[in-house]
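K.L.:
As given, the protein sequences belong to chains P and W, one line each in that order. Numbering-wise (the numbering used here), the first sequence opens with residue 3 and increments by one. Numbering-wise (the numbering used here), the second sequence opens with residue 3 and increments by one.
No lab work stands behind these hints, which were simulated from the structure alone. Errors might be hidden in some of the hints.
[What the hints assert, rightly or not] With a straight-line Cα cutoff of 30 Å, these simulated BS3-like cross-link-like pairs (lysine-lysine) come out: (1) W:Lys80 with P:Lys191; (2) W:Lys127 with W:Lys150; (3) W:Lys205 with P:Lys191; (4) W:Lys81 with W:Lys53; (5) P:Lys203 with P:Lys191; (6) P:Lys119 with P:Lys75; (7) W:Lys53 with W:Lys205; (8) W:Lys53 with W:Lys80; (9) W:Lys150 with W:Lys177; (10) W:Lys127 with W:Lys53; (11) W:Lys80 with P:Lys203; (12) W:Lys177 with P:Lys93; (13) P:Lys119 with P:Lys93; (14) W:Lys81 with P:Lys191; (15) P:Lys203 with W:Lys177; (16) W:Lys226 with P:Lys93; (17) W:Lys81 with W:Lys226; (18) P:Lys75 with P:Lys93; (19) W:Lys177 with W:Lys53; (20) W:Lys226 with W:Lys205; (21) W:Lys177 with W:Lys80.
[Said to hold, decoys possible] Derived DEER-like restraints, expressed as beta-carbon distance ranges: (22) W:Ser124 with P:Arg175: 56 to 64 Å; (23) P:Ala215 with W:Asp111: 48 to 56 Å; (24) W:Gln76 with P:Gln143: 49 to 57 Å; (25) P:Ser102 with W:Glu198: 30 to 38 Å; (26) P:Ala122 with W:Arg162: 33 to 41 Å; (27) P:Asn103 with W:Ser124: 47 to 55 Å; (28) W:Arg98 with P:Ala225: 53 to 61 Å.
For each residue, glycine too, the CB sits at the ideal point set by N, CA and C.
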Amino acid sequence: MLLDPILHGGLPHGASIVLVGSPGSGKTSFCLQLALEATHNGQDALYLSTENTPSNIIQHSRSFGIPLGSNVKENKIQFVDAYSWRLGMRKDPFAISRISNPGNLNEVNLIITDQAKLLAPGSLIVIDSVSGLSLSAPDEQRIRTFVHSLAQRISTMDKILMFILEDQAHDIRLITNLRSLVHGSIQTKTVDGADGCLYWKIRMYSLIGANHATRWFNNLLGAKGLTLNGGTTDK
Amino acid sequence: MEGRPISELITVTFAPKGALEIPRGSQILIVGPPGVVKTTFALRYLADRLKGNEQAVFATTLWSPEQVRETISQFGSKKLATQLRIADGVSCVTARPSSEPFAFQNLYDLNTISLVMIQAISDIKNGHLCIDNLTTLMTYSAPLLVIKFLQVLCARVKDRGLTGLYLLEDGVHSKEVVATLRFSVDGVIEIHDEEESDELIHKIRLVHLRGTQVDTRWLLYNEKRPLRRVS
Numbered sequence: 003m004l005l006d007p008i009l010h011g012g013l014p015h016g017a018s019i020v021l022v023g024s025p026g027s028g029k030t031s032f033c034l035q036l037a038l039e040a041t042h043n044g045q046d047a048l049y050l051s052t053e054n055t056p057s058n059i060i061q062h063s064r065s066f067g068i069p070l071g072s073n074v075k076e077n078k079i080q081f082v083d084a085y086s087w088r089l090g091m092r093k094d095p096f097a098i099s100r101i102s103n104p105g106n107l108n109e110v111n112l113i114i115t116d117q118a119k120l121l122a123p124g125s126l127i128v129i130d131s132v133s134g135l136s137l138s139a140p141d142e143q144r145i146r147t148f149v150h151s152l153a154q155r156i157s158t159m160d161k162i163l164m165f166i167l168e169d170q171a172h173d174i175r176l177i178t179n180l181r182s183l184v185h186g187s188i189q190t191k192t193v194d195g196a197d198g199c200l201y202w203k204i205r206m207y208s209l210i211g212a213n214h215a216t217r218w219f220n221n222l223l224g225a226k227g228l229t230l231n232g233g234t235t236d237k
Numbered sequence: 003m004e005g006r007p008i009s010e011l012i013t014v015t016f017a018p019k020g021a022l023e024i025p026r027g028s029q030i031l032i033v034g035p036p037g038v039v040k041t042t043f044a045l046r047y048l049a050d051r052l053k054g055n056e057q058a059v060f061a062t063t064l065w066s067p068e069q070v071r072e073t074i075s076q077f078g079s080k081k082l083a084t085q086l087r088i089a090d091g092v093s094c095v096t097a098r099p100s101s102e103p104f105a106f107q108n109l110y111d112l113n114t115i116s117l118v119m120i121q122a123i124s125d126i127k128n129g130h131l132c133i134d135n136l137t138t139l140m141t142y143s144a145p146l147l148v149i150k151f152l153q154v155l156c157a158r159v160k161d162r163g164l165t166g167l168y169l170l171e172d173g174v175h176s177k178e179v180v181a182t183l184r185f186s187v188d189g190v191i192e193i194h195d196e197e198e199s200d201e202l203i204h205k206i207r208l209v210h211l212r213g214t215q216v217d218t219r220w221l222l223y224n225e226k227r228p229l230r231r232v233s
């Protein structure tokens, strides 16, 4: 499993995680890989996207070696479309639900909670991204209460919840605050390699009650999707 | 964007001719220090597309339409200047009537600017759009308003299958604004300048592009020559 090098057995049911990273550091790919693995375990995934249509995400994931297609058709991976409001009333063919106004965080909260009830225990729910929602709801207080209440509700349902946040797009105090409202946080970043290319790195920053590695891992894209690899020494 | 072959999306390469290949329908932010490189790079990119009989719209808020036309014709023939469609955001500031069919009435009413842009691309399929630049718009409107304007415009430009290039000055805006803009688009091109033996050299690279694995190495940019790798 993807997370095994970091955390044996994967994320615990009921955990809510904040995933923070700069644009293009592999946050979405990481979550799509987790979603695909959830379906291998007989669980489901629910994916809310503010920055792309479900059709595009499915297409991109295929080019990354993360084939979601059949899982989407069988409703094992479900998409909530929080992008297409920009185009008017259009509905994406792969979306089970559509957010008409991402600034209305109550609507987002209700749709996610309602859909989450139908998923198997241990299923993955991804909010990609909180930063996208916050553009339409710039009041930070509402972002805080949204993250807190959604995390609490999903936790009682034994599902895993992932909030994606764009690094540097927010006041550092907001990110720290959101981290404190959930069970754990994961960081991603890009680093310049010696060959002049950018590389994806990922690490588990914290997770309540879990024994996990905290070093940076390489987040590698290959023909079979994402894999995490080594890093140097632990501790 | 639907139903397009993946092969087209993953061929983000630097073509031998020296032009940056950007997949159709991508919305790209070009970030770089103040100077002329961003604008000339964008015009050169559009010139290459115009030569391939594609259409292009250039929204200018800094250079006059005449300057834009003169510059683009340097990358080919005079014909390019007439082929390029310009959305004029300069005449309104200089209080002179614009000779362009598409012109902004002012730079602070983002709704009208949006409408003019959509009108300018309304009859274009698979073309290219460039806005030079977002920094000027942000001197007239709050950054968050410009970001929301870009969010909706990008979605509509992409939906029509057009490629969008959005220019942004580096070192002017807060890091929160830059980071928000960076995630609001599909990909980012960075331009850097540095001193090298008494000469200012420009480097350019594609940092990321959604849904694709990109070559992130720096390329040397020189107006007269094709792009080449930094050795």
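K.L.:
Work down the list of hints and note, for each, if the structure agrees.
P.N.:
Tested hints:
1. Note on Lys80 of chain W and Lys191 of chain P: the hinted pairing is violated, with a Cα-Cα distance of about 45 Å set against a maximum of 30 Å.
2. Under the criterion of a C-alpha separation no larger than 30 Å, the hint pairing Lys127 of chain W with Lys150 of chain W is consistent with the structure, at around 24 Å.
3. The hinted pair formed by Lys205 of chain W and Lys191 of chain P meets the criterion: a straight-line CA distance of about 22 Å does not exceed 30 Å.
4. The hinted pair formed by Lys81 of chain W and Lys53 of chain W meets the criterion: a straight-line CA distance of about 9 Å does not exceed 30 Å.
5. The straight-line distance between the Cα atoms of Lys203 of chain P and Lys191 of chain P is roughly 5 Å, inside the 30 Å bound, and the hint therefore holds.
6. With a CA separation close to 20 Å, the supplied pair Lys119 of chain P and Lys75 of chain P stays within the 30 Å bound.
7. Proposed proximity of Lys53 of chain W and Lys205 of chain W is supported: the alpha carbons are some 25 Å apart, at most 30 Å.
8. Between Lys53 of chain W and Lys80 of chain W the alpha-carbon distance is near 12 Å, which keeps this suggested pair within the 30 Å criterion.
9. With a CA separation close to 17 Å, the supplied pair Lys150 of chain W and Lys177 of chain W stays within the 30 Å bound.
10. Taking the CA atoms of Lys127 of chain W and Lys53 of chain W, the gap is near 16 Å; set against the 30 Å cutoff, the hint holds.
11. The hinted pair formed by Lys80 of chain W and Lys203 of chain P fails the criterion: a straight-line CA distance of about 48 Å is larger than 30 Å.
12. With a C-alpha separation of about 34 Å, the suggested pairing of Lys177 of chain W with Lys93 of chain P is violated against the 30 Å cut-off.
13. Distance restraint check for Lys119 of chain P and Lys93 of chain P: the Cα-Cα separation of roughly 23 Å lies within the 30 Å cut-off, and the hinted pair is therefore satisfied.
14. Between Lys81 of chain W and Lys191 of chain P the alpha-carbon distance is near 45 Å, which puts this suggested pair outside the 30 Å criterion.
15. The suggested pairing of Lys203 of chain P with Lys177 of chain W holds, with an alpha-carbon distance near 21 Å, which does not exceed 30 Å.
16. A distance of roughly 46 Å separates the Cα atoms of Lys226 of chain W and Lys93 of chain P; the hinted pair therefore is violated under the 30 Å criterion.
17. Restraint check: the Cα-Cα separation between Lys81 of chain W and Lys226 of chain W comes to about 19 Å, which is no more than 30 Å; the hinted pair holds.
18. Our distance criterion of 30 Å between C-alpha atoms is met by Lys75 of chain P and Lys93 of chain P, whose separation comes to about 16 Å.
19. With a CA separation close to 37 Å, the supplied pair Lys177 of chain W and Lys53 of chain W exceeds the 30 Å bound.
20. At roughly 14 Å between alpha-carbon atoms, Lys226 of chain W and Lys205 of chain W fall within 30 Å of each other, so this suggested pair holds.
21. Under the criterion of a C-alpha separation no larger than 30 Å, the hint pairing Lys177 of chain W with Lys80 of chain W is inconsistent with the structure, at around 40 Å.
22. For the pair Ser124 of chain W and Arg175 of chain P, the supplied restraint of 56 to 64 Å is violated, since their beta-carbon distance comes to about 44 Å.
23. Separation of Ala215 of chain P from Asp111 of chain W is about 53 Å and conforms to the stated range, judged on CB atoms against 48 to 56 Å.
24. Between Gln76 of chain W and Gln143 of chain P the C-beta distance comes to about 53 Å, which sits within the given range of 49 to 57 Å.
25. A hinted range of 30 to 38 Å for the beta carbons of Ser102 of chain P and Glu198 of chain W is inconsistent with their spacing of about 53 Å.
26. Between Ala122 of chain P and Arg162 of chain W the CB atoms are about 40 Å apart, so this pair conforms to the stated range of 33 to 41 Å.
27. Taking the beta carbon of each, Asn103 of chain P and Ser124 of chain W are about 26 Å apart, not inside 47 to 55 Å as hinted.
28. Hint check: Arg98 of chain W to Ala225 of chain P, Cβ distance near 58 Å, so the stated range 53 to 61 Å holds.
Hints 1, 11, 12, 14, 16, 19, 21, 22, 25 and 27 from the earlier list are contradicted by this structure; the remaining hints agree with it.
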